[in-house]
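S.K.: Letter by letter, the chains look like this.
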Amino acid sequence: MSALVEIQHVTKTYKNALKPSIDNLSFQINTGTIFGLLGPNGAGKTTLISMLCGLFPPNSGQITINGFTHQTNSKACKQIIGVVPQEIALYPTLTAWENLIFLGNMYGLNRSVLIERIKTYLHIFGLEENAHQKISTFSGGMKRRVNLIAGILHQPQLLILDEPTVGVDIQSKNAIITQLKTLNKENGTTILYTSHHLDEAEDFCSHIAIIDEGKLITQGHTQDLIKTHQCQNIEDVYLKITGNKFRD
Amino acid sequence: MKLLYSIYKEYKVLIRDKAGLAILFLMPVVLILVMTLIQDSTFKSVNESSVPVLVVDNDQDSLSLKLKRYLQQSHFFKLTDTVLSYQDAKQEIVKGHYLIGIIIPTHTSKQLKEQSSEKISKLLSSFSGDTTLNPTVTTSKSIPLQLLFDPITKQSFKTTITNSIERIISQIELEAMMSALHKNMLDIYPDAKPAPISNQSIISIKEEYAARNNHSIIPNSVQHNVPAWTLFAMFFICIPLASNIIKERNDGSAFRLMTMPNSYFIVMLGKVTTYLIVSLIQFFLILSIGVYILPLLGIPALNIGNELPLLILVALSAGIAAVGFGLLVGTVATTHDQASLFGAIMVIIFAAIGGVWVPTFVMPHFMKLISVFSPMNWGLESFYAVFVRNSTLQDIYVELIKLWVFCAITMVSAFLYQSYKKNQ
Chain L
173 MSALVEIQHV TKTYKNALKP SIDNLSFQIN TGTIFGLLGP NGAGKTTLIS
223 MLCGLFPPNS GQITINGFTH QTNSKACKQI IGVVPQEIAL YPTLTAWENL
273 IFLGNMYGLN RSVLIERIKT YLHIFGLEEN AHQKISTFSG GMKRRVNLIA
323 GILHQPQLLI LDEPTVGVDI QSKNAIITQL KTLNKENGTT ILYTSHHLDE
373 AEDFCSHIAI IDEGKLITQG HTQDLIKTHQ CQNIEDVYLK ITGNKFRD
Chain W
939 MKLLYSIYKE YKVLIRDKAG LAILFLMPVV LILVMTLIQD STFKSVNESS
989 VPVLVVDNDQ DSLSLKLKRY LQQSHFFKLT DTVLSYQDAK QEIVKGHYLI
1039 GIIIPTHTSK QLKEQSSEKI SKLLSSFSGD TTLNPTVTTS KSIPLQLLFD
1089 PITKQSFKTT ITNSIERIIS QIELEAMMSA LHKNMLDIYP DAKPAPISNQ
1139 SIISIKEEYA ARNNHSIIPN SVQHNVPAWT LFAMFFICIP LASNIIKERN
1189 DGSAFRLMTM PNSYFIVMLG KVTTYLIVSL IQFFLILSIG VYILPLLGIP
1239 ALNIGNELPL LILVALSAGI AAVGFGLLVG TVATTHDQAS LFGAIMVIIF
1289 AAIGGVWVPT FVMPHFMKLI SVFSPMNWGL ESFYAVFVRN STLQDIYVEL
1339 IKLWVFCAIT MVSAFLYQSY KKNQ
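Taken in order, these protein sequences are the chains called L and W. Mapped onto the numbering used here, the consecutive letters of the first sequence carry residue numbers 173 to 420. Mapped onto the numbering used here, the consecutive letters of the second sequence carry residue numbers 939 to 1362.
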C-alpha cells in the first residue's frame, strides 16, 4: 500500500515553550488504513492534527499529503482532507440542513450532488426527520452525527477524526463507528482517528501509533502491537509504554 | 457562489439572534428619538421664542408698550406681563420661573418724552444763537431700566440678551427724539406739511448660510442627531460582529473553516458584506425616522436635499470603517466580555471625541484638535457637509478616504494579528 500521509522529521515548538510539542516525529499513514493516533494529554496529538490540516507549519521537517504539502499547494491538501473536530463545530441557531448546505458549499460541491448526499447521510444517521430543526435543539448524539456528516460530505480521501464519539450514547457511537467502517471499506477513505477510548480504538483501527511528549513511542498493526508487547489489549500496551504518571 | 452562501449563512445567524438585532436596530431607534427630543428642546431654549421673560410694567404707557411689542416681534422672548414689586419680581427669577426680568419704572414714557423734547429744544436753540441752552449739558437724570438675570445664565447669553434689549431701547429713544424734533419743527414752521418719518433702517443685514447652489438649509438638532446616531449605531456593529467571530472560533467552526480550501477568507468576506448591508439598513432606518417619524413628535423633518447618492456613499464609507473595526476587535479579543467591553468603550470614546454627543464646534480648542482622530468625526463632517452645506464629492473626498484607510488599517491589522497568532 502507498503512503497517503508522510510525516518526516517534524518538529514544532510553540513560542516561549520550554520543550517541543512535536519532536522529530516521523511515520506514515497508508492509503485505505484506519490509523489510530493515541497518546496521553499533552502528547502532541492536537498539534500534529493542526499541522496536518494546514493551520500552521512545522518548525522543521515536512508533512506530505498525497504528494502535496501545505506550503506548496495548500488548496490541494485541504481538498483531500475532511475534518471532524472534537467540538461540535456547527452553528447552533441554524438547522442541520442549513449547516450542511453551507459547509458543503464551502467545499465547492455541486448543488444537486450536495442535496443528494445530505439526504443520504441524514437517512443513514437517522436524522431525516430532524433535518429542519435547529442544532441547539439536538441531543449530544445527534449533534455528533451531524458533525460527522459535515466532515464527510465532500467524500475526502483522508478523514481526520478528533474524538468523534466523546459524550455520546451507545446507539450513536455504534452508528458512527459502523458508518466510518463502511466509508473506509466502500470508498477507500483513509481515516486518522484520535481517542481516549482505547477499547474503541482497538476495535476500530487497523494501525495504531502511540506518541508521548511529541515523540513516537511505538506504531504498527493493532494486533501486532498487542503481541509484540505481550499484552492482553491496547490499553495494556498503552499503560505499559506511557506509564501511570498523570499528564495534566 | 461560496460568497453568496456565506452571506446567506450570516443573514440566517443574525436574523435568529434577537439580542444582536436589538443592538443593531432597536438601540439606534430609541437613541435617535430620545436624544433628538432632548437636544431639540435645548436648542429651542436658546434659538427660538422660548426665553422666558418677566416684564414688570410700572409705566403702562407708550414706551413700555413699544418695548413689549418689539420684544415680542423679535421672536426670541416669551413675555409674561405683570405688575409686581421689585422684591417679588426678584423672587420669581430666583425660583427659576423666568430667565430674565425687566422692570420698567413708573413714568418712564413721560420722562423719555420730556427729556427728548428738552434735548431737541436745546439743539435747535443752539442753531438760533441762544447760548443759554447748551445741548451737551443734561439737566435730567437717565431713566433706570432694571434687568434681572437668573444666576445660571451664561455670560455670553446674558450679553446677547442685554444687547438685544439695548438695541430695542435705542430704537425707542430714537423714535422719541425724532418725534420731538418733528413737533419742534412744526412749532417753528406751523404751515409746513412734513412727510411722515420712516422707521425703516438705512442699513440692513442680509444673512445667508454658506452653502452650495444657494440652498439655505438651517441646521437644527435633527441634522446633527440623525447622522451622529447613525454613525454611533454603525460603529456599535463591532460588538455583535466581534461576538460572532469569537463564537465561531470558540465552538470550533473557525477551525473547520480553516481546514477547507479558501473558505475562511470567503467566510470573513461574507461577514464583512453582511454587516455592511446591516449598516446601510441602519442608515436608511434612521434617515426614515428623521424624515417621517420625528415631525410627528413636533420636531423639524430632516431635509436630505438632493444628494442621496452622496449620502449613501458617506454611509457606505462609514459602514466599512465600522465593520473593519469590528473585525479587528473580534480577531484580537479572546472572550465575549473582552470584545463587548473594549468595543463599547472604544465606540464611546470615538463618539465623544468625534462630536456625536457634543458637536465639535462647541468643543474647546484642544478637543477640536483631538476630534480629527475619530473615524466618527470624519463621517459626521461628511454628513454635515452634505446635509447642511450641500457639498459635493469634491468637498468631502478627503474625509471619505480617511474612512477607507481606517478600514484598510484595521483589516490588515486583523490579518497580521491572525497570522502572528497562527505562527506562535
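Take these hints with a grain of salt, some might be off.
Here are a few chain L residues that face chain W, going by a calculated C-beta distance under 8 Å [claimed, not checked]: (1) Y263; (2) Y279; (3) L281; (4) L286; (5) E288.
Simulated from the structure, these hints should not be mistaken for laboratory data. Glycine included, each C-beta is placed from N, C-alpha and C at the ideal position.
S.K.: If a hint holds in the structure, say so; if it doesn't, say that too.
M.R.: Verification of the hints:
Annotation: interface hint on L/Y263 holds; nearest CB of chain W at approximately 6 Å, less than 8 Å. Using the Cβ-Cβ criterion of 8 Å, the hint placing L/Y279 at the interface with chain W is satisfied: the shortest such distance is roughly 6 Å. Of the supplied interface hints, the one on L/L281 is violated, with its beta-carbon coming no nearer than about 10 Å to a beta-carbon of chain W, more than 8 Å. At about 10 Å, the closest approach between the beta carbon of L/L286 and any beta carbon in chain W exceeds 8 Å, and the interface hint on this residue is violated.
A distance limit of 8 Å between C-beta atoms decides the matter here; for L/E288 the minimum to chain W is near 17 Å, and the interface restraint is violated.
Hints 3, 4 and 5 from the earlier list are contradicted by this structure; the remaining hints agree with it.
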